[in-house]
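Participant: Each chain is listed here by its residues.
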Amino acid sequence: DTGVSQDPRHKITKRGQNVTFRCDPISEHNRLYWYRQTLGQGPEFLTYFQNEAQLEKSRLLSDRFSAERPKGSFSTLEIQRTEQGDSAMYLCASSLSTNTDTQYFGPGTRLTVL
Amino acid sequence: AQSVAQPEDQVNVAEGNPLTVKCTYSVSGNPYLFWYVQYPNRGLQFLLKYITGDNLVKGSYGFEAEFNKSQTSFHLKKPSALVSDSALYFCAVITGGSYIPTFGRGTSLIVHP
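Line by line, the protein sequences give chains D and Z. Note that this note's numbering gives residue 18 to position 18 of the first sequence, counting from 1, and the numbers run on in steps of one. Note that this note's numbering gives residue 46 to position 46 of the second sequence, counting from 1, and the numbers run on in steps of one.
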């Protein structure tokens, strides 16, 4: 399978716990994006990487959120001290280098915070 | 700033009839426009995009979209709907100076047998 993969697909956690999600992009793609999607909404941008460099972060990304892409391949998104409002689908996408290149999305990680 | 509006939360169409899912945009430069489809509990799948050139863009699964600069629209169309087309459809826009797309809220397409 040469598409974008995400792990886990589902995560249920208790408020206050930390969670980490992983995204493996399409291998030749330089750019990697994280989005959050809630019911009835389109994806909302969180952050993106060009290779290993994190180039931009949304104001939605509070200091409880951190993302890494240490070797320019896979990426992780960590949420510390989860809150019920963090419950959402977290989507990862990857693309080649230009802004006209199509973003290809993974299946998403659905987070439920109890 | 860039924004996208999908004015219809839901579109209902009978199988075999033509379908249109509407999208309008607002940007300060040249727009790059995308359509994606999302099936339940799945990520978004790319359908088609307009970057430059011919205003009529053809994409996957028989879908097409027409870029209309004067009306700032990029409506998604298909001549004959299938029940399997039932899904959520998202329009997105990027402008030349940005690498971050803005997505619409999505339109739920329901195709009745």
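Keep in mind the hints are simulated off the structure, nothing from the lab. Check the hints yourself; a few may be wrong.
As the list claims (entries may be wrong) - One side only, chain D facing chain Z, incomplete, derived with CB under 8 Å:
id, residue
1, Q41
2, P43
3, F45
4, F74
5, A88
6, L91
7, N99
8, T100
9, G108
10, T112
Said to hold, decoys possible - Calculated lysine to aspartate or glutamate pairs in the DMTMM-like style (CA-CA distance at most 25 Å, straight line):
id, chain 1, residue 1, chain 2, residue 2
11, Z, K22, D, D101
12, Z, K49, D, E28
13, D, K14, D, E56
To be verified - Between beta-carbon pairs, the in silico distance windows are:
id, chain 1, residue 1, chain 2, residue 2, range
14, Z, N12, D, D63, 28 to 38 Å
15, Z, F46, D, Q41, 11 to 21 Å
16, D, G16, Z, Q71, 43 to 53 Å
17, D, R9, Z, S84, 39 to 49 Å
18, D, Q41, Z, N12, 18 to 28 Å
No residue lacks a Cβ here, since even glycine has one placed at the ideal position from N, Cα and C.
Participant: All hints are to be evaluated individually against the structure, with a verdict given for each.
Facilitator: Each hint, compared with the structure:
no.: 1; hint: Q41; result: holds (6 Å)
no.: 2; hint: P43; result: holds (5 Å)
no.: 3; hint: F45; result: holds (5 Å)
no.: 4; hint: F74; result: violated (16 Å)
no.: 5; hint: A88; result: violated (13 Å)
no.: 6; hint: L91; result: holds (6 Å)
no.: 7; hint: N99; result: holds (5 Å)
no.: 8; hint: T100; result: holds (5 Å)
no.: 9; hint: G108; result: holds (5 Å)
no.: 10; hint: T112; result: violated (13 Å)
no.: 11; hint: Z/K22 <-> D/D101; result: holds (23 Å)
no.: 12; hint: Z/K49 <-> D/E28; result: holds (21 Å)
no.: 13; hint: D/K14 <-> D/E56; result: violated (29 Å)
no.: 14; hint: Z/N12 <-> D/D63: 28 to 38 Å; result: violated (44 Å)
no.: 15; hint: Z/F46 <-> D/Q41: 11 to 21 Å; result: holds (19 Å)
no.: 16; hint: D/G16 <-> Z/Q71: 43 to 53 Å; result: holds (50 Å)
no.: 17; hint: D/R9 <-> Z/S84: 39 to 49 Å; result: violated (23 Å)
no.: 18; hint: D/Q41 <-> Z/N12: 18 to 28 Å; result: holds (21 Å)
When each numbered hint is compared with the structure, violations occur for hints 4, 5, 10, 13, 14 and 17.
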